[in-house]
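Can you make the complete structure from the sequences, with help from the hints?
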Amino acid sequence: MKYMLLIYTNHENWESLTEAEGAEMSAAYGTFTEGIIGTGEFVSGAPLDGPETATTVRVRNGARSTTDGPFVETKEHLAGYYIVDCATLDRALDLAAELPDAKFAGVEVRPVGDM
Amino acid sequence: MQGIAEDLFRAESARVLGTLMRRFGNLDVAEDAFQDACLSAVETWPRDGVPRNPGAWLTTVAGNAALDRIRREARRLPKEVESSGLRDPSREPASLGADSEYDLALLDDRPLTDDQLRLVFLCCHPALSSDAQVALTLRTVGGLTTTEIARAYLVPEATMAQRLVRAKRKVIAARIPFRLPEGDELDERTAAVLHVVYLIFNEGYTATGTESVVRPDLCVEAVRLSTLLQQLLPNVAEVLGLRALLLLQDARRPARVDTAGRLVPLDEQDRSQWNSDQIAAGISLVERALTLGPVGPYQVQAAIAALHAEAPAAADTDWAQIVALYSLLERIAPGPMVTLNAAVATAMVDGPGAGLAMLDGLADSGELTAHHRLAATRAQLLELQGELARALTAYDEALTLVDNSAEREYLTSRRNRLVAE
Numbered sequence: 004m005k006y007m008l009l010i011y012t013n014h015e016n017w018e019s020l021t022e023a024e025g026a027e028m029s030a031a032y033g034t035f036t037e038g039i040i041g042t043g044e045f046v047s048g049a050p051l052d053g054p055e056t057a058t059t060v061r062v063r064n065g066a067r068s069t070t071d072g073p074f075v076e077t078k079e080h081l082a083g084y085y086i087v088d089c090a091t092l093d094r095a096l097d098l099a100a101e102l103p104d105a106k107f108a109g110v111e112v113r114p115v116g117d118m
Numbered sequence: 176m177q178g179i180a181e182d183l184f185r186a187e188s189a190r191v192l193g194t195l196m197r198r199f200g201n202l203d204v205a206e207d208a209f210q211d212a213c214l215s216a217v218e219t220w221p222r223d224g225v226p227r228n229p230g231a232w233l234t235t236v237a238g239n240a241a242l243d244r245i246r247r248e249a250r251r252l253p254k255e256v257e258s259s260g261l262r263d264p265s266r267e268p269a270s271l272g273a274d275s276e277y278d279l280a281l282l283d284d285r286p287l288t289d290d291q292l293r294l295v296f297l298c299c300h301p302a303l304s305s306d307a308q309v310a311l312t313l314r315t316v317g318g319l320t321t322t323e324i325a326r327a328y329l330v331p332e333a334t335m336a337q338r339l340v341r342a343k344r345k346v347i348a349a350r351i352p353f354r355l356p357e358g359d360e361l362d363e364r365t366a367a368v369l370h371v372v373y374l375i376f377n378e379g380y381t382a383t384g385t386e387s388v389v390r391p392d393l394c395v396e397a398v399r400l401s402t403l404l405q406q407l408l409p410n411v412a413e414v415l416g417l418r419a420l421l422l423l424q425d426a427r428r429p430a431r432v433d434t435a436g437r438l439v440p441l442d443e444q445d446r447s448q449w450n451s452d453q454i455a456a457g458i459s460l461v462e463r464a465l466t467l468g469p470v471g472p473y474q475v476q477a478a479i480a481a482l483h484a485e486a487p488a489a490a491d492t493d494w495a496q497i498v499a500l501y502s503l504l505e506r507i508a509p510g511p512m513v514t515l516n517a518a519v520a521t522a523m524v525d526g527p528g529a530g531l532a533m534l535d536g537l538a539d540s541g542e543l544t545a546h547h548r549l550a551a552t553r554a555q556l557l558e559l560q561g562e563l564a565r566a567l568t569a570y571d572e573a574l575t576l577v578d579n580s581a582e583r584e585y586l587t588s589r590r591n592r593l594v595a596e
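Protein chains in written order, with the working numbering: chain A, 4 to 118; chain B, 176 to 596.
Derived from the structure by calculation, the hints contain no laboratory data. Backbone N, C-alpha and C define an ideal beta-carbon position, used for all residues, glycine too. Hints are supplied without guarantee of correctness; some may be wrong.
If you anchor each label on the Cβ, the simulated ranges turn out as follows [as the list claims (entries may be wrong)]:
(1) A:K5 - B:P409: 47 to 57 Å
(2) A:N16 - B:L329: 35 to 45 Å
(3) B:A508 - A:G72: 20 to 30 Å
(4) A:T21 - B:A508: 49 to 59 Å
(5) A:A66 - B:L441: 28 to 38 Å
(6) B:A333 - A:G72: 14 to 24 Å
(7) B:P409 - A:P73: 32 to 42 Å
(8) B:L467 - A:D117: 48 to 58 Å
(9) A:K78 - B:P440: 42 to 52 Å
(10) A:K78 - B:G528: 48 to 58 Å
(11) B:D289 - A:T59: 28 to 38 Å
Quick partial rundown of chain A residues pointing at chain B, CB under 7 Å, derived from the structure [as the list claims (entries may be wrong)]:
(12) D52
(13) T56
(14) T58
(15) T69
(16) D71
Structure below.
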């Protein structure tokens, strides 16, 4: 079963970290990634640039419109993701709980469908 | 000397930054290097004289400055430089080296033109907000300083500086490409560029009264940008159409505001104050644009402006032809403002009743109910029709909605004139 772990984060949380805490977070991500590569569960994953770099595309009546943003009025934003291939949802939830950002904003887990 | 240098920096901004973007692929690096070159010019030109080709001189000096910066950064932060999308200068072909750049810039104009176009398309990319497009275009293509842009838009300098920083950050982080759009995309992206220039012009054109004294002239900047666009895209009908429209509207600027800073409507303007050279240039441009095809909204608006400009007096205006052009405009670029203007023209041909009927349709659509011009236009047509009480109500409604001081004063005087009668 493939799941996507959507990592939400909060800029204020990140900014409140000391340099040592930030390094610890990064190291924890490294350990996590190496761990699931080791178990064969890692499919892909990446951090995303901040919401200020986002662009939204909409097509209405065949015409494309492109807008800067969205700048949703929430403190949390999607900061990165993993796609994991694991036996059960429970295992995916365990992995999500291991992610450093689970301690702050939250990690959303969703099954990945087939194309 | 200072003033001459500043004018040259502005005039050369798009060309120098275009070349630097092609070489280094990073807007921050390009801008910082151009700044370095300008500082160096301010130091050396008074002593050595202005170079024969200031653009090539600035490009060469800025190119060297950029290389210096990148080498310094690469020693300090090798990883960041690699991930920032910067090209490795050591891998550039020798012919583009700093020493030969001066000659290269003199030799061949076409790549320079394309680089300027790429820069324009980058600044007006749809992934940027409209405010960001305007600010970035004035800064990068127009060569205005942050202070000048902030003053023109009546915002604190820190606000404008932040807007530019954010815009540049988005360009770099989202990797907005430095490229020429192709095929259908070219038309769409060109329209976006023209819209940015049009917004800049309108911002200057609606700013009247005492404010205009301290505002650097956005109308002049927009006309200058449209001149550059015409050089870059000489055979695109709408590019010529926009330039014609701006020239024709700008020609009326001296007569639009009286000595007391009050707005003077078109039919009351002293037409001898209109800039006849600009009118002649605008008319000949719109005529040429219409032969190029396809016809677009700027050409039609320019053709309407040309009909106003050609009338020796307001009473001589060819309103029938203006009505025909507005119905063409309603077909190719419909919008509430177009309908509003069409209603005024229709009133001049078929009487105020016909115009008022069109305004009723517009009011029912609800699109302009928050805009003072709908109520103001209704007031004037009701006045023409002799329905003074209803006109008064409409003037009052317009006055609660208007936000520009010169227009408020104008509406107040119209209203008071009505009360006095």
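For each hint, the structure was consulted:
Between K5 of chain A and P409 of chain B the C-beta distance comes to about 54 Å, which sits within the given range of 47 to 57 Å. Our hint of 35 to 45 Å for N16 of chain A and L329 of chain B holds, since their Cβ atoms are close to 37 Å apart. Hint check: A508 of chain B to G72 of chain A, Cβ distance near 26 Å, so the stated range 20 to 30 Å holds. As the Cβ distance of T21 of chain A to A508 of chain B is approximately 56 Å, the hint placing it in 49 to 59 Å holds.
A C-beta distance of roughly 34 Å is found between A66 of chain A and L441 of chain B, which places it inside the suggested range of 28 to 38 Å. For the pair A333 of chain B and G72 of chain A, the beta carbons lie near 22 Å from each other, so the given range of 14 to 24 Å is met. At about 39 Å, the beta-carbon gap between P409 of chain B and P73 of chain A stays in the expected band of 32 to 42 Å. Taking 48 to 58 Å as the suggested C-beta distance range, the pair L467 of chain B and D117 of chain A conforms, at roughly 51 Å.
Taken as a hint, the range 42 to 52 Å holds for the pair K78 of chain A and P440 of chain B, whose Cβ atoms sit roughly 50 Å apart. Separation of K78 of chain A from G528 of chain B is about 57 Å and conforms to the stated range, judged on CB atoms against 48 to 58 Å. The hinted range of 28 to 38 Å is satisfied by D289 of chain B and T59 of chain A, whose Cβ atoms lie roughly 30 Å apart. With its C-beta approaching chain B no nearer than about 5 Å, D52 of chain A sits inside the 7 Å limit, and its interface hint holds.
Checking T56 of chain A against chain B by beta carbon gives a least distance of about 4 Å; that is within 7 Å, so the hint holds. For T58 of chain A, the suggested interface contact is upheld, since its CB lies about 4 Å from the closest CB of chain B, less than 7 Å. Interface hint at T69 of chain A: satisfied, since its Cβ lies 4 Å from the closest Cβ of chain B, which is below the 7 Å cut-off. With 7 Å as the threshold, the beta carbon of D71 of chain A comes within range of chain B, its nearest partner Cβ sitting at about 4 Å, so the hint holds.
Checked against the numbered hints given earlier, the structure satisfies every one of them.
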